[in-house]
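Go ahead and model the full structure; you've got the sequences and the hints to work with.
Residues per chain, in single letters:
There are 2 protein chains.
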Amino acid sequence: MTVSLKIQESIEKSSWIRKMFEEGAKLKTEVGADNVYDFSLGNPDLEPPAEFYQALKQMSDSTASGMHGYMPNSGFADVRNSISEKVEKDHKIKLDGNSIVMTCGAAGGMNIILKTILDQGDEIIAIKPYFAEYGFYISNHQGSLVLVDSNADFSINIDAIEKAMTSKTKGIIINNPNNPTGKVYSEKDIDALCDLLKRKSTADKSIFLISDEPYREIVYDNIIVSPVLSKYKNTLVVNSYSKSLSLPGERIGYVAVNPDADNYSLLMAGLNLSNRILGFVNAPALMQRIVAKLNSAAVNVNIYKNRRDILMAGLKEAGYEFSVPDGAFYLFCKAPGGDDVDFVRHLQKFNILAVPGVGFGGPGYFRLAYCTSEKVIEKAIPKFKEAINSFSK
Amino acid sequence: MTVSLKIQESIEKSSWIRKMFEEGAKLKTEVGADNVYDFSLGNPDLEPPAEFYQALKQMSDSTASGMHGYMPNSGFADVRNSISEKVEKDHKIKLDGNSIVMTCGAAGGMNIILKTILDQGDEIIAIKPYFAEYGFYISNHQGSLVLVDSNADFSINIDAIEKAMTSKTKGIIINNPNNPTGKVYSEKDIDALCDLLKRKSTADKSIFLISDEPYREIVYDNIIVSPVLSKYKNTLVVNSYSKSLSLPGERIGYVAVNPDADNYSLLMAGLNLSNRILGFVNAPALMQRIVAKLNSAAVNVNIYKNRRDILMAGLKEAGYEFSVPDGAFYLFCKAPGGDDVDFVRHLQKFNILAVPGVGFGGPGYFRLAYCTSEKVIEKAIPKFKEAINSFSK
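As you go down the protein sequences, you meet chains Y and Z in turn. In terms of the working numbering, the first sequence is residues 15 to 407. In terms of the working numbering, the second sequence is residues 15 to 407.
The hints are simulated quantities; they were obtained by calculation from the structure and are not laboratory data. Values in this document were obtained by computation on a predicted structure and should not be read as measured data. Watch out, some of these pointers could steer you wrong.
Stated by the list, open to error - Going by beta-carbon spacing under 10 Å, a handful of chain Y positions derived as facing chain Z:
| hint | residue |
| --- | --- |
| 1 | ILE21 |
| 2 | SER28 |
| 3 | PHE66 |
| 4 | MET85 |
| 5 | GLY122 |
| 6 | ILE126 |
| 7 | LYS129 |
| 8 | ASP133 |
| 9 | SER256 |
| 10 | SER260 |
| 11 | GLY263 |
| 12 | ASP276 |
| 13 | GLY293 |
| 14 | VAL295 |
| 15 | PRO298 |
By construction, the Cβ of each residue, glycine as well, lies at the ideal position given by its N, Cα and C atoms.
Structure representation (structure tokens):
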């Protein structure tokens, strides 16, 4: 007994990802990194926008007292007020900084929410295919993950959610836009989900809607991500600047809470305390001050859109089947033959790295992350063609 | 059922601190902040050293690719190598960057260690008086906190620790220099503790020594904090830059592991995964790069020393009893009359804010944090005198 059994199991569970990365790294050593078409990493490769560097420079020049000191666990009051203005616009709701908790990215936000609401054995529903880290986050706080199917186009299957609900259901996570499918849920779907939650809530049992929205700004074709926070009182929104400002290493994001949530004050106190005692203490001070100035800044989404379009055109021509992703930087493609692990191994022979859908609860598909240059995508297209042609034969 | 019962209990447990802060804030509103002598907050009030601002400026000017992007969950390789050089000097041990995990401050470091080693019901020993957050950190990961007495001078009571050890003991936390006493453990005490742990370890059971050292650089009178990491193989050291560089809001620190630890590779994999799935993902990127350049920088410790000396002289003359603090910025003073809560309330009548020792498992004492100017301390001395004189009468 040295390392906890639970963490050993978690290491084992995530070992397939490690193996995949190791195989990818080996491939890069063998044939040269430039000859590997790496679509495996959901790692934003765009640099932060100019506004970020301006704000960073401004903040770095300041030697004002307390610039890098402690602040309340939920964040600087003026920062929270600024963020609340963005949330008001995104979610068509009236709130102020008191309903915002600054967090160490979306992952930090998810963890403080789950710590705040979960008792041992409580269930959280998520929709397949899903961001697999949710399983770990829920397990961190003694909850159980309950997975439900989506519809064939990856839209929300309300009936499946209703059937999965039990007396232990404490909340449902939606990831909008979705990783790994790129799906953006329609306002109609969101409304139907909120109606279901209203219907299922009772006086002594609140069911939380947790909307994880780190890709809210990364959407295409004039799609607008529906407001959520205003549609159901027990909603918590999680967001981060990892994708919208390409700052994934800086760990800055926030949780926004509907001010009409049941036991609102207790909920906010819980989030604040969870932020403290889970060891975050607070979101990084300098980055808080910077993002507060950047409510309307974002990376150039057209770059991702152009990549998506090139990738889609090439894959379509080659004969792959997929739904058009509305947002994020993922394309979730049907695996020819139906066995995603098998096909991903086949792609590796053509120096293409992808992630099998089974890791996201979506077997039969593979995920392509287009966090890579147009040039790489263009060079990969003939390889994708070779791969599907040699596989189907 | 909205908020988890466990977090409600935690909110309740920490409510005395909130009440105290509320009373302090009320007092400041009533008599003016300048007329309140606030010794309650362990919040470093010195500004970061000039070297920090230079490094920040240099890093902020860089628009190099990936400056703010993801890196391995344990941190940038070059940063970890740089930190390992400091750890080598502090702990008289040979290691490299592979034995370092960059963390979101010491609180983040403590949480990833505890998540990695604890199974439900495992026990962690801490020495009274102790940093009360340990209780929350251990509870986060389903462990139990076991408190043991120190000696009268706050040195380590080896017998008390041995008596407290059970088959469930998974580790012991030392906080060196100690919050709230300012005690620095002698090398002899550290050696005796390590001998005990070696004696108690068996082939199938590793007992971890977790040395929490955020105040390592804040020591007085030429005291040197003993190396620990090299003295017992199953040691993990936690450190942060919150105090040494006055960056508590930036959440940057690290864990260093003895390369000879049992199941070392599994332990490192566990720390890496815990960093990821608890939601930290990684320590903030920009701050990692900055602290890597500042191995020999620190705030001017003489400022804290002068404050300590003025406070000690004044308290002694007034008739208070205390041990001379060797480090950190706390003085743990005997409460006249023996009831710390009672005496802290009495101090408030003289506009002095302090923290009752009972909150640290040290009833009969109160903690004074000298994170406040010499001027405030000097103005407070006559008030401390009035307080003790009016209380004893």
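Worksheet item: When the nearest CB of chain Z is found for MET85(Y), is that gap smaller than 10 Å?
Response: holds (6 Å)
Discussion item. Hint VAL295(Y) vs chain Z: min CB-CB distance below 10 Å?
Written reply: At about 5 Å, which falls below the 10 Å cut-off, the nearest Cβ of chain Z leaves the hint on VAL295(Y) intact, so it holds.
Worksheet item: Taking the closest Cβ pair, is GLY263(Y) under 10 Å from chain Z?
Response: At about 3 Å, which falls below the 10 Å cut-off, the nearest Cβ of chain Z leaves the hint on GLY263(Y) intact, so it holds.
Practice prompt. Have a go at the PHE66(Y) hint: is there a Cβ in chain Z nearer than 10 Å to its own Cβ?
Written response: The hint holds - PHE66(Y) has a Cβ within 10 Å of chain Z, the shortest such distance being about 8 Å.
Fill in: chain Z contact restraint on PRO298(Y) - CB to CB distance below 10 Å
holds (5 Å)
Discussion item. Quick check on ASP133(Y) please, does its C-beta sit within 10 Å of some C-beta on chain Z?
Written reply: For ASP133(Y), the interface hint holds, since the closest Cβ of chain Z sits about 5 Å away, which is under 10 Å.
Discussion item. Holds or violated: the hint that GLY122(Y) contacts chain Z, with Cβ atoms closer than 10 Å.
Written reply: For GLY122(Y), the interface hint holds, since the closest Cβ of chain Z sits about 4 Å away, which is under 10 Å.
Discussion item. Is the interface hint satisfied for ILE126(Y)? The criterion is a beta-carbon contact with chain Z at less than 10 Å.
Written reply: holds (8 Å)
Discussion item. Is the interface hint satisfied for GLY293(Y)? The criterion is a beta-carbon contact with chain Z at less than 10 Å.
Written reply: holds (4 Å)
Item to complete: Verify the interface restraint on ASP276(Y): the C-beta must sit less than 10 Å from at least one C-beta of chain Z.
Response: This interface hint holds because 5 Å falls under the 10 Å limit.
Worksheet entry | chain Z contact restraint on SER260(Y) - CB to CB distance below 10 Å | Status holds, d = 7 Å.
Worksheet entry | Interface hint status, SER256(Y) versus chain Z (Cβ within 10 Å) | Status holds, d = 8 Å.
In summary, the structure agrees with every hint in the numbered list given earlier.
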